[in-house]
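Under this note's numbering, the sequence shown has 933 at position 29, and the numbering climbs by one with no breaks.
Hints may be right or wrong, so weigh each one.
Said to hold, decoys possible - Pairwise CB distance ranges, derived in the manner of DEER restraints:
(1) TRP998 <-> GLY945: 11 to 21 Å
(2) PRO1012 <-> TRP969: 48 to 58 Å
(3) GLY928 <-> ALA950: 21 to 31 Å
(4) ASP1010 <-> GLY975: 39 to 49 Å
(5) GLU989 <-> TRP969: 19 to 29 Å
(6) ASP962 <-> ALA934: 16 to 26 Å
Read the hints as simulated data drawn from the structure, not as lab findings.
C-beta: ideal position from N, C-alpha, C; glycine also.
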Amino acid sequence: METPSPAWLRAVLPLCLLSTLERGESYGYALLQQIEESGLGAVKGAVLYPALTRLADDGAVEVRWAPGEGGPGRKYYRLTDAGRERLLRERRAWRAFSAAVGTTVDGPRAPHGTDTLHERENDR
905 METPSPAWLR AVLPLCLLST LERGESYGYA LLQQIEESGL GAVKGAVLYP
955 ALTRLADDGA VEVRWAPGEG GPGRKYYRLT DAGRERLLRE RRAWRAFSAA
1005 VGTTVDGPRA PHGTDTLHER ENDR
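Build the full structure now, drawing on both the sequences and the hints.
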């Protein structure tokens, strides 16, 4: 898979963070790793931490400090009830939006037995 454009990643990062935090509390570096392992590519801390701060300011995540294991303390993030509600809304919106983009980019489905431009490009 090609690495997505940085603008796309910044746009979907809040949704991806909420989805990742739905699995449980986590800290910044672990979130960076999970997002990269999901196939979205590397996210810089300069992009991640402002997104987490905005989610906290919006009440979607809660932040707590905990002592580090042999190092400095860590900020842990967890989803709030408001964050769960936002995640449900944004998932529905994302699915509708991504379907519309897919239709626009790939074009409508061709009748059986005919090729679309997209299919001809994939055959090259």
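Range hint 48 to 58 Å (beta carbons of PRO1012 and TRP969) holds or violated: With Cβ atoms ~52 Å apart, the hint holds.
Range agreement (Cβ of GLY975 with Cβ of ASP1010, hint 39 to 49 Å): holds, 48 Å
C-beta pair GLU989, TRP969: status relative to the range 19 to 29 Å that was hinted: holds, 26 Å
Outcome of range test on Cβ distance (GLY928, ALA950; 21 to 31 Å): holds, 25 Å
Assessment of proposed distance window 11 to 21 Å (beta carbons of TRP998, GLY945): holds, 18 Å
Distance restraint hint 16 to 26 Å, applied to the beta-carbon atoms of ASP962 and ALA934: holds, 21 Å
Checked against the numbered hints given earlier, the structure satisfies every one of them.
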